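We have chain A already, so just place chain L on it with the hints.
Residue numbers (the UniProt record's numbering), protein chains in the order written: chain A, 1 to 387; chain L, 1 to 387.
I should point out that these hints are in silico values taken from the structure, not numbers from a laboratory.
One should not assume that every hint holds.
Unchecked claim - Straight-line distance between alpha carbons at most 16 Å, and here's what the computed EDC-like set of lysine to aspartate or glutamate pairs gives:
#1 A:Lys223 to A:Glu318
#2 L:Lys234 to A:Asp101
#3 A:Lys385 to A:Glu318
#4 A:Lys234 to L:Asp286
#5 A:Lys131 to A:Asp185
#6 A:Lys365 to A:Asp283
All values derive from a computational prediction rather than experimental measurement.
Protein chains: 2
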Amino acid sequence: MSTQQAHPTLLIPGPIEVSDEVTQAMGRFAQSHVGMPFVNLFGETLTMLRDVFQTKNPASQPFVIAGSGTLGWDLVAANLVEPGEDVLVLHTGYFADSFADCFSIYGAKPTQLKAPIGQRPQHPEIEKALKEKKYKAITVTHVDTSTGVLSQIAALSELVHRVSPDTLFIVDGVCSIGAEELHFDDMKVDVALTASQKAIGCPPGLSIMMVSERAMDVFKNRKSPPGSYYASFKNWLPIMQNYEAKKPSYFATPPTQLVTALNAALKQLLTESMNTRFQRHKDISDRVKKAVGDMGLKQLASDPDNQAHAMTAMYLPEGLTPPEVLPKLLERGVIFAGGLHKEIATRYIRFGHMGVTVTNDQERKEVDKALKALKEVLDDVKKAKGQ
Amino acid sequence: MSTQQAHPTLLIPGPIEVSDEVTQAMGRFAQSHVGMPFVNLFGETLTMLRDVFQTKNPASQPFVIAGSGTLGWDLVAANLVEPGEDVLVLHTGYFADSFADCFSIYGAKPTQLKAPIGQRPQHPEIEKALKEKKYKAITVTHVDTSTGVLSQIAALSELVHRVSPDTLFIVDGVCSIGAEELHFDDMKVDVALTASQKAIGCPPGLSIMMVSERAMDVFKNRKSPPGSYYASFKNWLPIMQNYEAKKPSYFATPPTQLVTALNAALKQLLTESMNTRFQRHKDISDRVKKAVGDMGLKQLASDPDNQAHAMTAMYLPEGLTPPEVLPKLLERGVIFAGGLHKEIATRYIRFGHMGVTVTNDQERKEVDKALKALKEVLDDVKKAKGQ
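Excised from the complex, chain A in its bound form (with noise of 0.2 Å):
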């Protein structure tokens, strides 16, 4: 039996569901930063991430950090790419525009190659971008929340690593990591960034990172310091490796209880391969988008390779919006997303799909209980409307 009060159910691309063993993680008692328990804690917390991201590189770095996942943008920026540089920032929606202007907030020249709604730049036009300068990174959002637009990774990185070997190959995972294929050390990923209230099952305020040695060794031959304090590197490398060697550490107090409950999550993420994870995603998108498709509903995506397997973002019927729909969802005790894109926010929404909501779908029934609720708000909404 769940310890948690009864509540609508979250089912918005994150912060999503959490299971109870992580909210009781949540509600531990305080604890030291710097007393062993914590820091025991803490570096397993690390080293679980290792086996996420999929890297055996020992030299492979993960840091875990107070913040937003947003934070990640700048931990990138204020890192890995110095003034004057340029930055390929391919865009999929909403997040590209803020991670280039993050870019530029740190000196750096970002240089955005956009697609249609719904769609993703193509490869042509990627390799052709590569070959005009010279780019110190560039970066791919591998799902975009706002259009549920999915890129595909290791087909991506291997161009990068063709055309422009020496490209840093960055990947905004905020709404991926533990729910899309990636595999940091297959394909040859530089940074994978997220954010613990996504896929991977815990509370927000945790901005989360897998840095590649070969990004470590460009941070380290930096000729100017990083452009930030709180989201610097310098600071943080000794206490990631530190906590990591179950050694004690400061620089800034670590949310002890936000980095208990991840710990629940990666273990209980753990317990089956990455591969059956990534698989149960896929299979609760392809009945997502089934139920929805034979419910008239359009998807932002609508090239099947575009499809995130983390979420699905639909039009909905011509002249019906979000704040027509969500409340009616919400009666039925289902939390959906308005849009978040810009131009065509007030004709679409967003069900997000991901973490206990797919893994233990079994006992749960959250997707069949979402997709129930859809289809009777939109016939109550035809039949109100006579059609």
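Relative to chain A, chain L alone:
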């Protein structure tokens, strides 16, 4: 009865013990960061902070952002000071060095005024410094967690406003807000920054700040853009204003459970007046300082005027080190902290007495338990050494 598991009592200068209500709030179910239940709760939390900091000016601006207390330094340095501008940093221990480093990263020019360990810079030298150069801001650590030194905010503010009225008066209140006297309006403070895990009594993971109308005007009239993306007032100001107006808003996902816990902590905190709360911390502090004095222990801050009420930093008897004492305290169920000031870290220990430990002293009796444990340990050690 406490709902928490049995655990050693955490009496370091933060994180601190938290109440059952706060613990339960941490274990709250997942909520949408833009759903009305959370929007209302976050808005109410921001408004309660006005009472905690004691500001009646509606143009004073509260910020609550996912991050460690350290993030507060970036918020100040990236938003309120521009590259090339001078800042006077009053040094009472470890934290001024770090704040000065932070200013340097964002291009400001910090000048530190240092005092011997256990003391604070004296007003005549501060006055002299302020007359020598035009300082954009002056910073003071209200309670230096590394030394237990208290600074006198009211008198210092009077001096700054008399001698250099355009200089922003910035109080690092990480270990003070909620325990030591601070009246934001009356003391003409421009920024008071803190963290959730100190005297406010919430788990770690939130940077909390109040900014004066005057300082917000300075921000709005910046010539250069803020030096950070994640720590940019430009990005956060509309979000904080919208939440407080009970309107959903998005820049980065707030840590919903931690904010829920902060809400619970502030509600408990505001059940009595701030002055009553400050007095409680003084009374307990007096008791602790008398007792450790009776044990023959000398404080780092030898002058009573310089002694914090939220904590006590005390030298161990000659020849004794924290690694000899702290494990014996832990055997007795009490966690103190070791030294943090680099020059003398191996010679002293720190005892935090804040929050529920102080306000609920009658039921919790943690202070007596700690003092008893400390006396036993010192007696044991003396006996073992044949003294």
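Results for each hint:
1. A:Lys223 to A:Glu318: violated (54 Å)
2. L:Lys234 to A:Asp101: holds (12 Å)
3. A:Lys385 to A:Glu318: Given that 16 Å is the threshold and the Cα spacing comes to 12 Å, the pair holds.
4. A:Lys234 to L:Asp286: violated (41 Å)
5. A:Lys131 to A:Asp185: With Cα atoms ~25 Å apart, A:Lys131 and A:Asp185 exceed 16 Å; violated.
6. A:Lys365 to A:Asp283: OK: A:Lys365 and A:Asp283 at ~14 Å, within 16 Å.
Hint check: violations occur at hints 1, 4, 5; the rest are consistent with the structure.
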